[in-house]
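Assemble chains U and C onto chain P, guided by the hints.
Line order of the protein sequences matches chains P, U and C.
With the UniProt record's numbering, letter number 88 in the first sequence gets 88, and the count goes up by one each step, no holes.
With the UniProt record's numbering, letter number 15 in the second sequence gets 15, and the count goes up by one each step, no holes.
With the UniProt record's numbering, letter number 62 in the third sequence gets 62, and the count goes up by one each step, no holes.
Derived by calculation from the structure, the hints in this document are not laboratory data.
Backbone N, C-alpha and C define an ideal beta-carbon position, used for all residues, glycine too.
The reader is advised that the hints may include incorrect statements.
Derived CB-CB ranges, DEER-like [stated by the list, open to error]: (1) C/Gly7 x U/Gly189: 46 to 54 Å; (2) C/Asn271 x P/Arg183: 52 to 60 Å; (3) C/Pro94 x U/Pro160: 34 to 42 Å; (4) U/Ser155 x C/Gly7: 37 to 45 Å; (5) U/Thr239 x P/Pro226: 54 to 62 Å; (6) P/Arg183 x U/Asn288: 49 to 57 Å; (7) P/Arg183 x U/Ala17: 32 to 40 Å; (8) P/Gln76 x C/Lys162: 44 to 52 Å; (9) C/Lys38 x U/Pro226: 34 to 42 Å; (10) C/Asn271 x P/Arg318: 31 to 39 Å.
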Amino acid sequence: MARFLLGERVMLYRTEAGAPIALADYCAHRAMPLSKGKRVGGDRIQCPYHGIEFGPDGHCRHIPSQKGTPQQMRVQAYPLVQRWNWLWIWMGDPELADEALIPNHADFSFVDGNDFWKVALWRMDFACNFQLIHENVLDVSHVSFLHEGLADSGSLVTTPAKTVVEGNVITMTRRWEDLLTDRYAKTFGIADGTRVIRTNIAKTYVPSLNVAMNFFEFPDDPEKAPAMRSAPMAFTPETDQSCHYFMAVGANYGEEPVGAALEAQGQALWNLILDDKDATEAIQEAYNILGASTPDVSVRADEGAIRFRRMLAEQMARELPQVSS
Amino acid sequence: MARFLLGERVMLYRTEAGAPIALADYCAHRAMPLSKGKRVGGDRIQCPYHGIEFGPDGHCRHIPSQKGTPQQMRVQAYPLVQRWNWLWIWMGDPELADEALIPNHADFSFVDGNDFWKVALWRMDFACNFQLIHENVLDVSHVSFLHEGLADSGSLVTTPAKTVVEGNVITMTRRWEDLLTDRYAKTFGIADGTRVIRTNIAKTYVPSLNVAMNFFEFPDDPEKAPAMRSAPMAFTPETDQSCHYFMAVGANYGEEPVGAALEAQGQALWNLILDDKDATEAIQEAYNILGASTPDVSVRADEGAIRFRRMLAEQMARELPQVSS
Amino acid sequence: MARFLLGERVMLYRTEAGAPIALADYCAHRAMPLSKGKRVGGDRIQCPYHGIEFGPDGHCRHIPSQKGTPQQMRVQAYPLVQRWNWLWIWMGDPELADEALIPNHADFSFVDGNDFWKVALWRMDFACNFQLIHENVLDVSHVSFLHEGLADSGSLVTTPAKTVVEGNVITMTRRWEDLLTDRYAKTFGIADGTRVIRTNIAKTYVPSLNVAMNFFEFPDDPEKAPAMRSAPMAFTPETDQSCHYFMAVGANYGEEPVGAALEAQGQALWNLILDDKDATEAIQEAYNILGASTPDVSVRADEGAIRFRRMLAEQMARELPQVSS
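In isolation and in its complexed conformation, chain P is listed as follows (with noise of 0.2 Å):
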């Protein structure tokens, strides 16, 4: 299987024993696409065009035409770690590679551990820069319009957001006391006419996750759990222009193993996203017509966006080659 990933063809693959493993997708001898070949004696892949055979680690291990296999008949290899359902690659300085950077899905997970969440949902491919995702989930203004009708009443644009930043985690917290049951809050079950009090949290983990956390709290039945929702979306780079946008959502109402309401509710973000695709898509286009000349005037509701890009720009230096002075 070939994946685009930061404008590199990776190929993805599992030794016999599971392990997952991440090759540059091109033979080291002239450059064909080891994903058209074949995985054979294990763990090892095969070059389609002249048969050359490459280890999980990217060494060069057979060559049918001859004795012997030179040292630098390698390929890239890149770190790649399974984690929380989720296939996590380092594509920089593998030196640098840290698990520890992974998310600790825990700390948004509301339900069930580990595995908490019911349903990996669905990928969709949007043309544009990963960035136009996150600044779209970062400004939740925009669920008013773009999604008008769809998503909530209009309370997320008037509704300002705390937000706080430790790390590399941006958290974007909003509130509202004393709700009625609304159009969102039937989407959790919740019964017409109870008061709730709702809490939205967003949390950006750059540069790789977002997490849409939400959950009702009632207070007129304060031993009832509260009705809580939490959605990771995964953005994935495929080149400067175009991106993956995987989604998972976990909850803790409906039915195991996976409920119909949240198939449903996944149908529903399917369709919803859609309209985040025609958008993002749209300023993509127009940012390469105007390039430089793009105008870009900032609200406050940019918070987000801006904290965002601010702090890509600085993981992105960090990863540079440092020049002594």
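This is chains U and C only, laid out in the frame that chain P set:
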């Protein structure tokens, strides 16, 4: 409604009162196309993404997520007026917009005054620079070959034009005495065997408009009004590789309000101009391949085209910011 | 008829007398493709736009809208000859065109003299640089993998070639003694169980032609003529990202004029070379992504390919204008 004009995306709409408005089609906030939004409050445009509103002057009137609107939050507004059934946009320095530059259509209206033409025929989209279309109509010798047997009897190529230049107008006149009704005269409803004097005038208003005027006089019947047709054609650049070809036509024969003969003429012209489209697009493709090594040997029939090129270059030079010494 | 050759659009036609002519496919006037025009007066080409006519030498012969033809009104004429059933074009300095550079097909014709081959099989269009196809046929070790089970029994990859270079010809020879009829020998109509000696010769005439020759000798029947097949393949660059693959084949078995066996071979070859097309186009795509960072570690089986690259680079260097010191 959105149009590409001179490489910019422009949104066109009308206020509640009907005034035509042209704004740059990029929201000042994040470049979202305003043309995907809607008109609110009679004359404002609301961005579909975060609901920011702009007036017909391009200034921001409302930001839903906050009070107040920063001064810089504005989009470019282009001077736009409606004259002679066309919309005229000025995309240069707004200070220099001057309605007096709009060609006075009375100059080539044979018939009914301001609202002189009978029918706006159609728009065709060409994948070439608009200059190639101007050069097409400025050298009518092509009619005898590209449109062989369709529009004249071969005499256009062998009858040199008298060329007069006044201001930004190039006028080329051809005159044939003592003709008998030919295939072209028949399209004016002139009976077989009639002796006629034909005049063909092509007026080019650099850079926007070309007008083809044709009329037949009747030397054997001096009382009889000449049969006349006037076809203004507007060539509007989209990008440097594409343009629109707007065609209208007026005549003093046929029935009111629009003669079936004129409509048939429109269809015949459409088919004929499809050949021009093939030719100019093939030339654009050749120019793109050849780049700086494009051949370009001119002949005497190119006099009008050469004058057009020169005049256009001068107009563009005048638009460039002046550097004082 | 128009073809792209070395990035130029070339018009090919025959005079009334049948002589093949190649002209640059851009009218000297306004770059209109002459290939959309028609042949007039036996050997002239008439531009379809304004009717300007050019002779087989590229010089202008007639301009309908005026008397006289300016000296500069000419299109480039390329030396073109027909030899051995192919058309050979010379696109460099016409002074250097030399028919002696055309490979003498008698050198690889086993059979019938000048008109030796039985059938020109087909043309396939590849979206890659022509060098990638040369390298494909110069390293036949790929046959054992890319065409696994289709064309040999795996022995090509393990049998090193003897390589000889003479002038611009690279000859690679492989020989197998004491074989029994295998799947490949069967395509020559050799009966099961026959002991054979197989010789495979690949001759590359840099830059235009590769010839695959295969023959089987019969050690148990020295009187019997060897079964022979010769397949000249012409790789013609269209642009630096595309080329034509012309395939012909001759043999001394099967029935005259063209054996059904040979035609079946042609279809089998077409299918097999579709795999080469997939591989070389995938590599071209990879090269385009990777640019200067393209991996390129060679193995011993690349000897022929490396020699080809070097020889082609030398030929191109010789074509460059010389700068005297």
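These are the hints, each one checked on the structure:
1. Against the hinted window of 46 to 54 Å, the Cβ-Cβ separation of C/Gly7 and U/Gly189 comes to about 53 Å, which satisfies the hint.
2. At about 59 Å, the CB distance of C/Asn271 to P/Arg183 agrees with the hint of 52 to 60 Å.
3. Range check, C/Pro94 to U/Pro160: Cβ separation about 37 Å, and the 34 to 42 Å hint holds.
4. At roughly 41 Å, the beta carbons of U/Ser155 and C/Gly7 sit within the given window of 37 to 45 Å.
5. Between U/Thr239 and P/Pro226, the C-beta spacing of about 55 Å keeps the proposed range 54 to 62 Å intact.
6. At about 54 Å, the CB distance of P/Arg183 to U/Asn288 agrees with the hint of 49 to 57 Å.
7. Distance hint check: the CB atoms of P/Arg183 and U/Ala17 are about 37 Å apart, consistent with the given range 32 to 40 Å.
8. P/Gln76 and C/Lys162 have their C-beta atoms about 36 Å apart, which leaves the hinted 44 to 52 Å range violated.
9. About 38 Å separates the C-beta atoms of C/Lys38 and U/Pro226, a value consistent with the hinted range of 34 to 42 Å.
10. In this structure, C/Asn271 and P/Arg318 break the distance hint of 31 to 39 Å, their C-beta atoms being roughly 53 Å apart.
Going through the hint list in order, the structure does not satisfy hints 8 and 10.
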